[in-house]
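There are 2 protein chains.
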Amino acid sequence: MKDFTCYNPTRIEFGKGKEQNIGQYIAEYGVKKVLIVYGSERIKKSGLFEIVTKSLSDKGIAYEQLGGVVSNPVMSKVYEGIELAKATKVDAVLAVGGGSVLDSSKAISVGALYEGDVWDFFVGKTSVTKALKIFDIITLAATGSEMNAYGVVTNEKTKEKLSLGGVVTFPTVSVINPKLQATVTRDYLAYSAADIFAHSLDMYFSATYLPEFIAAHTENILNTVIRTTEILLENPDDYNARGEFAWAATQALNQSTFTGIEGNRYDTHFLEHTLSAEYNIPHGAGLSIIVPAWMKYQKKYLPERFKRFADKVFGLENADAGIEALINWYKKIGTPVTLKEGNIPEEDIPALVDKLMAIAKLWLGSEYYTKEMITSVLEKSK
Amino acid sequence: MKDFTCYNPTRIEFGKGKEQNIGQYIAEYGVKKVLIVYGSERIKKSGLFEIVTKSLSDKGIAYEQLGGVVSNPVMSKVYEGIELAKATKVDAVLAVGGGSVLDSSKAISVGALYEGDVWDFFVGKTSVTKALKIFDIITLAATGSEMNAYGVVTNEKTKEKLSLGGVVTFPTVSVINPKLQATVTRDYLAYSAADIFAHSLDMYFSATYLPEFIAAHTENILNTVIRTTEILLENPDDYNARGEFAWAATQALNQSTFTGIEGNRYDTHFLEHTLSAEYNIPHGAGLSIIVPAWMKYQKKYLPERFKRFADKVFGLENADAGIEALINWYKKIGTPVTLKEGNIPEEDIPALVDKLMAIAKLWLGSEYYTKEMITSVLEKSK
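Chains as they are written, first to last, in the working numbering: chain Y, 59 to 440; chain G, 59 to 440.
In case anyone wonders, no lab produced these hints; they're calculated from the structure.
Warning: the hint list may mix true and false statements.
Remember, identical chains collapse to one label, so a pair may be satisfied in a single copy or spanning two.
Restricting the straight-line Cα-Cα distance to at most 30 angstroms, the calculated cross-link-like pairs of lysine-lysine (BS3-like) are [said to hold, decoys possible]:
#: 1; residue 1: 112; residue 2: 74
#: 2; residue 1: 370; residue 2: 217
#: 3; residue 1: 440; residue 2: 60
#: 4; residue 1: 357; residue 2: 370
#: 5; residue 1: 60; residue 2: 103
#: 6; residue 1: 440; residue 2: 389
#: 7; residue 1: 370; residue 2: 60
#: 8; residue 1: 413; residue 2: 358
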């Protein structure tokens, strides 16, 4: 077991109708005025927005609102939110939506207490020490953002998709009501499953030391995602399956899979962020294209781990069969597995390699993310 | 998935030598003076006490000390600690020892800010809302107290062993250095394993709804305990096994096994606390006596769960074989499985039943803990 610090102060309120208590949860922390951040106007049609604002009003909490956050959220919206938060002097941000809305909210909460350009935090010019309190009602299970400190946003000018975060950007309270997640489309359910898989596999297939206890914990997340995704594709209203899917998504990126490990990296996220920033494909779709290609590249470094994966997740006997089984599973649930299926021109590979090498320094550096490595994975994703 | 709240603000500092940083960890929270609580004087001979006090002094933190906490910790020591904490105006408690030391420290931290008798919190006369900050260096992996809010103490006058806790009694920082846990005796390693097992099995075999994801998580804890205990009995200095054992112990009672479940109880802890309060046997030893007897009683209510346990933990096909395998495993690691082996006179059973019925109201009430239930389990533990 390697040394680690484990600290996760987010309070999870999980269950049916818990969004009706959001005013109470927020009031417990002395907040008087929040900025509600959301995506499309659908939450107004569905009645969720009204439930939220009624709950806030009942507790005497004032609110401002900022809609229009998109998938692969962009900095222009974050800047708009920061201006609004500063102008209206809110003392917290309430994200109502999926990971994009919450990630944007984290950036807004940091930027609202910073005089400079919030992009400074994404590029490592300065580190996060202050933020408005963050609350959320998470309506899509995928990113794990509801129980971690990080937010990923795309700078649409530079086409860089990067993250910020610090101990102050853990959400204070996250509401997870699986019922609210039941309206996700079939496509996005598959992309979400692919995202959770990638959060788990980035660690699982890169950690040079992985305790058996943590390996089994991660395999439990993977098996839960496979089992519940298949149930939900048949019956989107299966509440228990929806709940387990949501909770597995949270666990995949709330540090529980990272304790005591060594040498883990975020290779597929490094590679994918540029795909979704450049082509605006869903993050999960980009990941299901990159993950199998990366596994084929990575296999030589941890052959026993790949063999174990094949056994524990798909009941198969060798590493290659495990990778094939994952590709077939992606196909079965309907998420792309090649650049072509993602409508990304294969002839763009050299330009993508250059782009990735340029931002490698913000991840692990070009010593690890070499031209050979990047090219090899992208070539395997054809 | 049933509704739940999950909130655990304890910061874990896990790893080699982390006790040397205790002064820094405590200083980060603005603490100026702590009460160091410990058990035997062994920590002075081993050098641990000096490491701790040097680290505190280096950060300008003053300290008082209270030694002599025993296994199955008692209220007289808690009262002594409360008086000392009040008289010396410490603003935090630092537990250096096992679960007994930490549990006593939690009671001291609550009592230090209370004018009445701290026993009021144990018997439910009032609830915990204030406590001094609690820090710990946990030298025995078993109780999980390092990442939960609860403390169990015996009132030696009434022979009641009860618990107190609230959101303010989560430790602020817990240091887990597996190396410090390597000196535990062979006996206590077995008792610790039995304690972790009971924390897991109380839930696993009583929850009327148990999500597959949480069932598998709990089985992972059980399998980790079996695997690492066997390694450690052979080689007490296996650091990775010691580390996984410690982390599994923490997970078994940090809420992670309780999320989304329904109807769980603490039957074996209810039954055992009176054994260790009356006969002062190690808590883990009492549990390995009670658990198999309770399983035999409980089996009829959740036959499929018992079958699953046999399969997932021991690779066996039926419920009875699973129970027998657990009994054999307890025997193998050397922890008692009958009242006789625990030196508890079988003729005391009627008196024990009366005692248990008298305190049942502080647990789930006599509607559930009937004379028939209590008698039946104790008879099976002969």
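Evaluated hints:
1. For the identical chains of this complex, residue 112 and residue 74 are intra-copy neighbours only, at 17 angstroms inside a copy versus 51 angstroms across copies, given an alpha-carbon limit of 30 angstroms.
2. When the C-alpha separation of residue 370 and residue 217 is checked against a cutoff of 30 angstroms, the pair qualifies neither within a copy, at 38 angstroms, nor between copies, at 48 angstroms.
3. In this assembly of identical chains, residue 440 and residue 60 lie within 30 angstroms of each other by CA distance neither inside one copy nor across copies; the values are 37 angstroms within and 43 angstroms between.
4. Taking identical chains as interchangeable, the C-alpha atoms of residue 357 and residue 370 lie at most 30 angstroms apart whether they share a chain (16 angstroms) or sit on different chains (29 angstroms).
5. For the identical chains of this complex, residue 60 and residue 103 are inter-copy neighbours only, at 28 angstroms across copies versus 49 angstroms inside a copy, given an alpha-carbon limit of 30 angstroms.
6. With identical chains, the CA atoms of residue 440 and residue 389 are at most 30 angstroms apart within one copy only, with a shortest distance of 15 angstroms there and 58 angstroms across copies.
7. For a Cα distance limit of 30 angstroms, the shortest separation of residue 370 from residue 60 qualifies both inside one copy, at 24 angstroms, and across copies, at 28 angstroms.
8. Proximity of residue 413 and residue 358 under a CA criterion of 30 angstroms is satisfied intra-copy only: 26 angstroms inside one chain copy versus 63 angstroms between copies.
Checked against the numbered hints given earlier, this structure breaks hints 2, 3; the rest are met.
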